[in-house]
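Peer 1: Chains as they are written, first to last, in numbering that gives the first Met the number 0: chain A, 0 to 512; chain B, 0 to 289.
Hints were generated in silico from the structure; no laboratory data involved. Glycine is no exception: its CB is placed at the ideal position from the N, C-alpha and C atoms. Please note: incorrect hints may appear among the correct ones.
Partial selection, computed: residues in chain A whose CB lies under 8 Å from chain B [to be verified]:
no., residue
1, 74
2, 309
3, 312
4, 366
5, 368
6, 371
7, 374
8, 376
9, 378
10, 379
11, 390
12, 392
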Amino acid sequence: MKAAIGSNALARIFLVAGFGVALSAAPVSAQKQGGSITVGLELDIPGFDPLKVGVYDTSAETAAAAIFDTLVTLDDKGQPVPKLAQSWTHSDDYKTWTFKLRQGVKFHDGTPFNAEAAKANFDRQKDPANKCRCAFYIAGIHDVQAPDESTLVYNLTDPAVNFPALLTIQSSNNVIHSPTAWKTKGDDYNRNPVGTGPYILKSWTAGDRMVLEKNPDYWNKGHPYLDRIVLKPLPDAQSRFASLQSGEADIVWDDEYDADNIQKAQKDSKMTVHTYAGSGAQVYAFNTKTPPFDDVRVRQALVMAIDRKKMSQAITNGLARPASNPYGDGSWVKCKDDGALPYDIEKAKALIKDYGKPVEFKMIVTATPRGRTIGQVLQQFWKQAGANMEIEQIDQATVVPRAFMRQFQLTPWRIVDLADPDPQMYANFHTGSPVALANYSNPELDQLLEHARTTGEIDKRAENYCAVSRLVNEQAIWFWTFQNTYYAISTSKLKGLPKIYHGVIDVSDTWLE
Amino acid sequence: MATLELSLEEDVTAVTAPRARRLGLLFWMAIGWVTFVFAVAILSDVLPLPSPTDMDMLERRAPFSFAHWLGTDGLGRDELSRLIHGARISLVVGLCAPIIGLSIGGALGMLAGYFRGRFETLVVGSMDVLLAFPPLIFVLAVVAFLGQSILNLTCIIGILGIPAFMRVARASTLTLARREFVIAAQALGATHARILLRELLPNVFLPLLAFFLLGVAVTIVVEGALSFLGLGVPPPISSWGSMIGEGRESLDVAPRLAFLPAIAMFLTVLSFNLVGDTLRALTDPRQGAL
Numbered sequence: 000m001k002a003a004i005g006s007n008a009l010a011r012i013f014l015v016a017g018f019g020v021a022l023s024a025a026p027v028s029a030q031k032q033g034g035s036i037t038v039g040l041e042l043d044i045p046g047f048d049p050l051k052v053g054v055y056d057t058s059a060e061t062a063a064a065a066i067f068d069t070l071v072t073l074d075d076k077g078q079p080v081p082k083l084a085q086s087w088t089h090s091d092d093y094k095t096w097t098f099k100l101r102q103g104v105k106f107h108d109g110t111p112f113n114a115e116a117a118k119a120n121f122d123r124q125k126d127p128a129n130k131c132r133c134a135f136y137i138a139g140i141h142d143v144q145a146p147d148e149s150t151l152v153y154n155l156t157d158p159a160v161n162f163p164a165l166l167t168i169q170s171s172n173n174v175i176h177s178p179t180a181w182k183t184k185g186d187d188y189n190r191n192p193v194g195t196g197p198y199i200l201k202s203w204t205a206g207d208r209m210v211l212e213k214n215p216d217y218w219n220k221g222h223p224y225l226d227r228i229v230l231k232p233l234p235d236a237q238s239r240f241a242s243l244q245s246g247e248a249d250i251v252w253d254d255e256y257d258a259d260n261i262q263k264a265q266k267d268s269k270m271t272v273h274t275y276a277g278s279g280a281q282v283y284a285f286n287t288k289t290p291p292f293d294d295v296r297v298r299q300a301l302v303m304a305i306d307r308k309k310m311s312q313a314i315t316n317g318l319a320r321p322a323s324n325p326y327g328d329g330s331w332v333k334c335k336d337d338g339a340l341p342y343d344i345e346k347a348k349a350l351i352k353d354y355g356k357p358v359e360f361k362m363i364v365t366a367t368p369r370g371r372t373i374g375q376v377l378q379q380f381w382k383q384a385g386a387n388m389e390i391e392q393i394d395q396a397t398v399v400p401r402a403f404m405r406q407f408q409l410t411p412w413r414i415v416d417l418a419d420p421d422p423q424m425y426a427n428f429h430t431g432s433p434v435a436l437a438n439y440s441n442p443e444l445d446q447l448l449e450h451a452r453t454t455g456e457i458d459k460r461a462e463n464y465c466a467v468s469r470l471v472n473e474q475a476i477w478f479w480t481f482q483n484t485y486y487a488i489s490t491s492k493l494k495g496l497p498k499i500y501h502g503v504i505d506v507s508d509t510w511l512e
Numbered sequence: 000m001a002t003l004e005l006s007l008e009e010d011v012t013a014v015t016a017p018r019a020r021r022l023g024l025l026f027w028m029a030i031g032w033v034t035f036v037f038a039v040a041i042l043s044d045v046l047p048l049p050s051p052t053d054m055d056m057l058e059r060r061a062p063f064s065f066a067h068w069l070g071t072d073g074l075g076r077d078e079l080s081r082l083i084h085g086a087r088i089s090l091v092v093g094l095c096a097p098i099i100g101l102s103i104g105g106a107l108g109m110l111a112g113y114f115r116g117r118f119e120t121l122v123v124g125s126m127d128v129l130l131a132f133p134p135l136i137f138v139l140a141v142v143a144f145l146g147q148s149i150l151n152l153t154c155i156i157g158i159l160g161i162p163a164f165m166r167v168a169r170a171s172t173l174t175l176a177r178r179e180f181v182i183a184a185q186a187l188g189a190t191h192a193r194i195l196l197r198e199l200l201p202n203v204f205l206p207l208l209a210f211f212l213l214g215v216a217v218t219i220v221v222e223g224a225l226s227f228l229g230l231g232v233p234p235p236i237s238s239w240g241s242m243i244g245e246g247r248e249s250l251d252v253a254p255r256l257a258f259l260p261a262i263a264m265f266l267t268v269l270s271f272n273l274v275g276d277t278l279r280a281l282t283d284p285r286q287g288a289l
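Okay, chain A solo, but in the shape it has when bound (with noise of 0.2 Å):
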């Protein structure tokens, strides 16, 4: 315990030091000013008020990232480092998070940012009365208090060790907005956002385009390098990988689902090839109290049917790498052994006739090319092995309420990259929880859970996480196919592109060739 604060604090001298360095050295390097880019983005973004829009997707975050700031944000290794805080502390049962903010920062408006401002935004979403969706995601933080300008202090319910890395993000739980903005705008604030970052929204027209302006007095001065950047909705893969080729775009969103083409650009020497093998895996979840898959003999059947490397090979020609357990390369948590069933279909035949009963299930996929092929591939393994499914398909966004709803046999989900393994992992398998969409309840399992986010030693965290995998796996209450690995391709003029973390693309600080 002593030992893993001790280095947490040296950690921190460390990185305020590094910040320091990098400030410095920024000037100095080779990045040039002015230009402007297009950024195809995969979806069109609903807004930006947490009140209206709930949560952001990826695409929206891109913006967010441009547009607003976050307290905290990740440097290269990983590790979180300060943006509109400056430092941090924390209490000794890891459950109080000091954090000592930038001075002399304004909102583009030009309210001055503050401790004030800053809590004002947590006091929007966690208000009860606003019954903002974006709640959930901050139910482990009791509550923010900023006791004087420069101070905000985080008391969370439950102890979380990798708080700040949890604040990088750039969701709608992360980003600050401008009080004065929301307070003003009423309801236009959706489409009319107004934050600290280094770019400023000039212009808006939905369904095509967004345009953003550098802001001239970003506090850290020299940055951002782009005059202008302009956020295009191309949810079509083809015609976004044509208009980077024709010179439309220049950087442009994509998954591996759209193999053929990325593998096209990374022998294309005008092209480059972002990619970020991030933590977490795409996920199903079963519903375990609705048959056939209240017996675990099925459930544990369909997922040894499952042959990911050669599903990986159909659909996304090998660049998906298979996944045995929920966190993934990308993450701390290292597992020797995750319990993960093999590749059986000999053994999955066998427990489906031993369970007797013909197996037939309905699963939910999305309405889009990728959900149809996944779905198909699965259900020719599942096939194979004696049990029949039949694809539902319905738009994305109705997933997530049927999932809240418990409306499904067999549903698909996501664990996006997180710094931490806890928020995700807690919600998802905890009892009662309402995205443990499982129904299923285990005592052992909520300890295991409970214990992972008290402790502060890493080895014994990441322990208790490969116990919590090796349940999972073998009670077969969820699977996994594909560890997370995030894309962008762009022309290879522009530069200094982050990694692509929680799969945003953050192009706020790059610059052109």
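Add chain B to chain A, keeping to what the hints say.
Peer 2: Below, chain B without anything else, positioned relative to chain A:
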């Protein structure tokens, strides 16, 4: 389905036999292609074809070979087999949906054209409402609400076709209802039912049938468009539209995956159009007018 198709063919030949010289080669080629598509679609279960849904995941987008005559698709399924099974879907939806339109729309149109008055106002008004509704949005809403299935799809497209059939039937009935043989029948004291069924229906039926064939062509395209958007028949069942949609993903790697079903659909739609057009020309009331 099969019996309907057979009777259709008979009608076609019966009507066209005396004027065969005027029909031309194109018409017979169209008939030949339609017959061929019908034959393989009906016989697809008997033909020695691989299953259209079995995947050979390591044999993706295989070129033409003896095992797979037209190669395999993006998930390693036999392309020829999927094309033929896709023809089934296109034909089932393409024929059943216009039949719904033909029977309901035709009946409403005849009644409206014969009885006139308030009933006609009501029918024409409600059909205008149905026409004014954006069809694709309507289909989207219904599919989202009722779920995807061949039955739902057929019903929706069928209902959307009612106004067009109603208009054709009403227009024909309006002109026919004032003709001498109808007035004569009325003077002889025939009941409304008898006049509608014995006097009017045989005369209205021919233009309706010609319009039906055009309706088949349009429906095949609509089904293709819906499947292309992922709103058609649920996977893994293949339909031409969904095959084009899936093939589009690998357009520059294996363009044949999108083009083969597109060609099949193009030829079929063209054939139905040609046959329908020829029939319409033969039954055009202007030519037969006194």
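Peer 1: Each hint should be assessed against the structure and marked as holding or not.
Peer 2: Comparing the hints with the structure gives:
With its C-beta approaching chain B no nearer than about 37 Å, residue 74 of chain A sits outside the 8 Å limit, and its interface hint is violated. With its C-beta approaching chain B no nearer than about 5 Å, residue 309 of chain A sits inside the 8 Å limit, and its interface hint holds. The closest approach between the C-beta of residue 312 of chain A and any C-beta of chain B is roughly 6 Å, which is under the 8 Å cut-off, so the hint is satisfied. The beta carbon of residue 366 of chain A is positioned within 8 Å of a beta carbon in chain B (closest approach about 5 Å), and the interface hint is therefore held.
Interface hint status for residue 368 of chain A: upheld, as the beta-carbon distance to the closest one in chain B is roughly 6 Å, under 8 Å. Of the supplied interface hints, the one on residue 371 of chain A holds, with its beta-carbon coming within about 5 Å of a beta-carbon of chain B, less than 8 Å. With a cut of 8 Å, the hint placing residue 374 of chain A at the interface with chain B holds, because the nearest CB-to-CB distance is about 6 Å. The criterion of a C-beta within 8 Å of any C-beta in chain B is met by residue 376 of chain A, whose closest approach is roughly 7 Å, and the hint holds.
With a cut of 8 Å, the hint placing residue 378 of chain A at the interface with chain B holds, because the nearest CB-to-CB distance is about 6 Å. Interface restraint check for residue 379 of chain A: the shortest CB-CB distance to chain B comes to about 5 Å, inside 8 Å, so the restraint holds. The interface hint given for residue 390 of chain A is met, as the beta carbon of that residue sits about 5 Å from the closest beta carbon of chain B, less than 8 Å. Interface restraint check: residue 392 of chain A against chain B, minimum CB-CB distance 6 Å, threshold 8 Å, status holds.
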